[in-house]
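With these hints in hand, go ahead and build the complete structure from the sequences.
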Amino acid sequence: MDELPAMRDPKSALACAAAALVLCLSTAFDSRAATVDDGTWTMPARDYASTRFSPLTQLDTRNVAKLQVEFTFSTGVNRGQEAAPIVVDDTMYLVTPFPNRVYALDLTQPGAPVKWTFDPKVAPAAQGVACCDVVNRGAAYADGRIFFTTLDGQALALDAVSGAEQWRVKLANYNVGETITMAPLVVKGKVLVGNAGGELGVRGWLAALDADSGRLAWKAYSTGPDRDVLIGAAFKPFYPTERGKDLGQTTWPPGAWQTGGGTVWGWISYDPVLDLIFYGTGNPGPWNAEMRPGDNKWSSGMFARDPDDGQARWAYQFSPHDLFDYDAINESVLLDLPWGGSGGMRKVLVRPERNGFVYVMDRATGEVLAADPFVPVNSITHIDLATGRAEYNPAKRPTTGRTTREICPAAPGAKDWNPAAYSKRTGLLYIPHNNLCMDWSPTEVSYIAGTPYVGVDTKFYAGPGGHRGLFTAWDPLRRRVAWQVKEDLPVWSGALVTAGDLVFYGTMDGWFKALDARDGKLLWQFKTDSGIIGQPVSYRGPDGRQYVAILSGVGGWSGAIVVANLDARDETAGGGFANALKDLKQRTTAGGTLYVFALPAR
Amino acid sequence: MSSRCLRASVGATVVAALLACGVAGCDRERREYRAAPAAPGSERPRLTDLQPGGTLAQAPSATGARYEGNAYHINQGSRWFRSFNCNGCHGNGGGSMGPALMDDQWRYGGTIDQIHATILDGRPNGMPSWRGKLTDQQAWELAAYVRALSGNVSKAAAPSRREGMAATPPLTRIKPQPPQSSDPSAQNPPPP
Amino acid sequence: MNTPARLRAWLFTGAVLALAACDGPQSALLPRAEQAEAIDRVWRVMLWTCTALYIVVLLALAYAMLRRRADRRREGIASDPLLRKTLAAWVVVIVAFLTAFVALSYAEDRRIRGGEPDLEVRITAKQWWWQVEYLDADPSRQFTTANELHLPRDRTARIELRAGDVIHSYWVPALGGKEDLIPGRTNAVWVTPRENGTWRGQCAEFCGLQHAHMALDVFVHDVGFFERWRDTQLYPARLPETATARRGKAVFEQHACATCHTVRGTTAGGRLGPDLTHFASRRHLAAGLLPVESPHLLAWIEDPQRLKPGAQMPAVPLAPQDLLAVNEYLLGLR
Chain A
1 MDELPAMRDP KSALACAAAA LVLCLSTAFD SRAATVDDGT WTMPARDYAS TRFSPLTQLD
61 TRNVAKLQVE FTFSTGVNRG QEAAPIVVDD TMYLVTPFPN RVYALDLTQP GAPVKWTFDP
121 KVAPAAQGVA CCDVVNRGAA YADGRIFFTT LDGQALALDA VSGAEQWRVK LANYNVGETI
181 TMAPLVVKGK VLVGNAGGEL GVRGWLAALD ADSGRLAWKA YSTGPDRDVL IGAAFKPFYP
241 TERGKDLGQT TWPPGAWQTG GGTVWGWISY DPVLDLIFYG TGNPGPWNAE MRPGDNKWSS
301 GMFARDPDDG QARWAYQFSP HDLFDYDAIN ESVLLDLPWG GSGGMRKVLV RPERNGFVYV
361 MDRATGEVLA ADPFVPVNSI THIDLATGRA EYNPAKRPTT GRTTREICPA APGAKDWNPA
421 AYSKRTGLLY IPHNNLCMDW SPTEVSYIAG TPYVGVDTKF YAGPGGHRGL FTAWDPLRRR
481 VAWQVKEDLP VWSGALVTAG DLVFYGTMDG WFKALDARDG KLLWQFKTDS GIIGQPVSYR
541 GPDGRQYVAI LSGVGGWSGA IVVANLDARD ETAGGGFANA LKDLKQRTTA GGTLYVFALP
601 AR
Chain B
1001 MSSRCLRASV GATVVAALLA CGVAGCDRER REYRAAPAAP GSERPRLTDL QPGGTLAQAP
1061 SATGARYEGN AYHINQGSRW FRSFNCNGCH GNGGGSMGPA LMDDQWRYGG TIDQIHATIL
1121 DGRPNGMPSW RGKLTDQQAW ELAAYVRALS GNVSKAAAPS RREGMAATPP LTRIKPQPPQ
1181 SSDPSAQNPP PP
Chain C
2001 MNTPARLRAW LFTGAVLALA ACDGPQSALL PRAEQAEAID RVWRVMLWTC TALYIVVLLA
2061 LAYAMLRRRA DRRREGIASD PLLRKTLAAW VVVIVAFLTA FVALSYAEDR RIRGGEPDLE
2121 VRITAKQWWW QVEYLDADPS RQFTTANELH LPRDRTARIE LRAGDVIHSY WVPALGGKED
2181 LIPGRTNAVW VTPRENGTWR GQCAEFCGLQ HAHMALDVFV HDVGFFERWR DTQLYPARLP
2241 ETATARRGKA VFEQHACATC HTVRGTTAGG RLGPDLTHFA SRRHLAAGLL PVESPHLLAW
2301 IEDPQRLKPG AQMPAVPLAP QDLLAVNEYL LGLR
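Residue numbers (our numbering), protein chains in the order written: chain A, 1 to 602; chain B, 1001 to 1192; chain C, 2001 to 2334.
Treat the hints as calculated values from the structure; they're not laboratory data.
Check before you lean on any hint, since a few could be wrong.
Unchecked claim - In silico BS3-like cross-links for lysine-lysine, where the CA-CA straight-line distance does not exceed 27 Å:
1. B/Lys1175 with A/Lys585
2. A/Lys66 with A/Lys121
3. A/Lys424 with A/Lys188
4. A/Lys582 with B/Lys1175
5. A/Lys486 with A/Lys66
6. A/Lys396 with A/Lys347
See the structure below:
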C-alpha cells in the first residue's frame, strides 16, 4: 500500500543513489564489506573491517536537527547496556545484560512489537565472577541464525525467524571465574567466541564453533605451550622478540601461565583477502606485575590467525609484562591506506590501544608502522618502532607495598572496550575514550580459584585538564588529532559514523549526540533516561527511512557505582573507578531502554 | 499316613512362609512423632523480618558478640579479608564486583550472625560459599571485621590502621551505620 | 667450698657458656662469608684497638691514683701544664681513632653492599616465617620456597629484603650483619659464602607473639650441588604415589589448606602461608620449630596453635583419616 518514501521522494532517491555510489566506491577501496545490503546491521561492528560506518545518507548534517524518537523498548534489566542492536530482515535483535534474554522486535509493525523472546536461563551465581558489571556486548546474525553468549559461559544459536534454540554449548566454567561477555563473530561458517575473567586468574582462549552444530572446531589459548596457543609452522611474527619456542610458557614463572589471563573478551576483525582474523588478548593476571616477571606472552597483545584451523600467523604484544591492566582487546579497524607516500595502498589495521597509543600496523606481517599517543601518557615513554617494544617509564614502575602516583593513562586505559568508528569519506577514526590517571599500590595476592586475582589497590581521577572523557577524531595518515570534544564524564559508549557525515555517541549522563564528522560541531542531542554505554547502529527500516538506535542504561566498569550502588567513601571501590565518578549517582540512575530515532515521517 | 503327614507339614511350612512374608510386608515405615530436638544455639539466623503472624525475636548469638568486641579477632578478620581476596570483590568496603560493605544496605542481613552465615553458606547472586574453605573461627573473624567496616563495632575494638593504600577514613572514625534490611539494588537484576 | 673456689666455679661456668655462644650455626664470631669476614675484621680492629686503649686508660688511672698518694702537696690539676698537654693529646688520639673507625666501617660497609651478583634472592618476612623467592632473568627459572636459603659457595648472592606485614630483621650471624625488613621498602644484603655448611638465621627485630620461632635455615653448597637443588625446586610438585597420598592431595586441594598454601602443579595457589611445592625437601617446618618428620608434621597439622600459639595457621577440622592422608601427601612432596 505504502510506496517506499525513497520512490516517492526524488531527493531521497538521489540520496539513495549517492549512497549506492559511495558503497561502490568503498567496495572498490575495500573488498571486505561483509554485508551486501546497506540497510542492515548484522554484527556489532557492522562489517568485518570493524568500521561501524553506515552507508546510509538520508540523515545528514542539514536535517539531523529534526531527528526524533520513533519508538522505545524496555529491556527489563537495569544493568549496563553495552550491546549493539542487530537489524536484519526487518527485525531487530537485542541481547540484554544478565540474564541475557534475547528479544526480536518486528520493525514492520508500528511501535516494533516483540516477535519472540528467548530466555537462556543463565546461572545467577555467574554474576559473582563478572568483573565489570554483568554486561553483554551483543549478538551476531549469519545464515538465518542469531548467535549470542551468556554470562555463565554458554554460546547459543537461535533460529532468527522463530527464536527456537538450535544448539547451545557450555564453553566457560564460572566456578573458576570464567564468564563470557563478548559478541561472537561469524566467519566462514564458524562462530568465534572467547572468555572473560582476566581479574580472576583464568586462562584466556578463543574458540571456533561450527555454526551449524556448535561443535568445537578449534580452541586457541592465549598462554601456555605452542600446541595450546596453536602456534605452528605458519607462525611468522615480525619482531624477533615474538619468535621462539613455547614463549607462552617460558615468559612466565613456572606454572603461572595457567592462571595468567590473556582473555579474549573484545573485538575480532576479519580480512577475507588475506583470510585472517585479528583479535587482541586481555591483561595478564594478577595485576601485580611483580608476581609474574617476564613478558607474559601472549597477554596484552594480538594475534592474526587462520580462521579455518586457528593457526597463528603472527602475534604482537602491545604491553609486554603489562604493569597497569592495559588489556589489548580493542578493535582492529582494517583499512587500505596510502601509507608511506609511495602512492600504493597498504593493508593496515588501526588500533586505538588502551595503553594510550594509536597503532597503525601492517596487517599481513604484524609490523608496527606508527604508534602515536592520543592522550597524555607517562606510563610508557614511547614505542620503539625498530624493536616494536613499548618502553616503560622507570619512574612509574610499581613495586609491591608502595603506592606509585599520577600514572597516566589509568587502568581502564586511554580507551577501553567501547569501539571507535572509521569513515572512508573523512578518512578519520572516531575514538570515544577516557582521560583518567591513577594511583597504583600492588600487594601480594593468593590465587584461589573463582575469586579475584588482582593484588592492587588503585584509585582513578581525572587526567590533565580535569575532564574525564574525550571524543577524538584521529587522522591515521597525518598521525594527529583532527578535532576533539572534551566530555566531563568518560565516554564509555561506542561510536557510529554515517555516510551523511554524522558521528553518534552517548555520554554516561544520558545524552545521545550527533556531531558533524568533519569538524566535531554538535548538531543534535537527546537526553535518554539513563547513562549511555551502548553501541549506536543505523539501519534502513521497512519503510525506507534511516533509523539510528542506541541502548541506554548505565553500568559497566565505569557505571558500577550506580548499578551496584558502590560506596565512594572507599576510593578503591569499583576497582578504583568509583573515586573518579563520585558524582555519577547524582547525574544518572540505572536504566535499560532501547531508543530508536528517525526523521519525522511525512 | 507319613506321606500325608509330610504333605501337611510341607503345606504348613509354605503357609507359614507366606504368612511370614505377608507379615513382613505389614511392617510399614517408621513414623517419627517427635523429632530429635535441635541442639540449643544451633538456630540459623533469619534473613528476613517478615514472618507469618508477627515477628519472633531472634537474639544475637553470644559467639558473635564475643568476636565483635575483640580487637584481635577484628584485626585477624582484616588480615583474612585481604588474604582470601574478599577485597577483590568488595574493595576496601566500598564494593566492586560485590556489594559495598561500609554502608547501611544489607541484602542478606547485617548482624554478625547473618554475615557469618552469608560467608559460609554463600548467596545465590554471586557470593561464593566458603564452607570448608576456611575455618569457622576465620568466618567469625571476617564477619566481625565486616561489621567494623560500617562502624558497627566498639571504637575500642576497631582497628585503627589498615594494610595497603589508605583508601577510606580510619575505621575508628567511620560513623556507625546500623543495618537497614533491604537494598534496592538487590532487586537488580530481576531474578531469572 | 670457700668463697674464692665458688667464685672460680662461677667464672668457669660463665666462660663455658660465653664461649659456647662463639661456635655453632648461629655465631657472629666464626664468619663464613666474605661480608661476615669483612665485618669481623672491622670488629676485631675495633675490639683490639679499644682493648689497647682501655688498658692505657686503666694504666693511666692506676698511675694517677698512685701518684696522687705519693705527692699530697700538689693542689689542683689545672695548673699542671704537662697534664693539660697529655689530656689534649689524648683527646686528639681518641678523635683520630674514632674517625679512623668511622672511615673504616664506612668503607667496609660500602664494599660489602654491592658488586655484581651471581644470584638474586628475594626474602619477604611475614608473621612468622620467611618467604624465599629465587629470581632469575629467565622468568621460567624463578620459584618460591620458604624458611630455607640455599646458596652456592664462592658466589655472590644479592638478597633483597621486604616485609609482608610488620618490621622484621634478617640476621644470619655466620654470613653477615643484620638488615631490617620494612613494609613498603626494599633493602638488600650481599652474601658470598666461603664454606659449605648449615647455618642458622633468626628474626632480629621483635615482630609479635612468635618472634622467637622465626628461624631461617641457611645451606651453603658447592655450585654444582646448588644448581641441582635449584633445578629440582623448579619442577612442579610430585604426583602422589600411594592411594592415601592421592586422597591427601584431594583433601588438600578441596579444603582450607589450598586457601593459604601453594603447591605448584595443583590448583592450590594461596600466598598467606609458605609454598609447599617441595615441602618435604626442607629441614624444618614452621620456621625452624620442628623437624619435617611424620609425628611432628601430624601434630602440627592437627593443631598448630598448640605448638606455635598465635601463628596464622588455624587448626582445620579434618577427619582422622584425612589428616593422615594430608600428612602422607605432604611428606611425599620432596
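A quick look at each hint next to the structure:
1. B/Lys1175 with A/Lys585: 21 Å, holds
2. A/Lys66 with A/Lys121: 41 Å, violated
3. A/Lys424 with A/Lys188: 26 Å, holds
4. A/Lys582 with B/Lys1175: Holds, because 19 Å separates the two Cα atoms, which is no more than 27 Å.
5. A/Lys486 with A/Lys66: OK: A/Lys486 and A/Lys66 at ~25 Å, within 27 Å.
6. A/Lys396 with A/Lys347: 35 Å, violated
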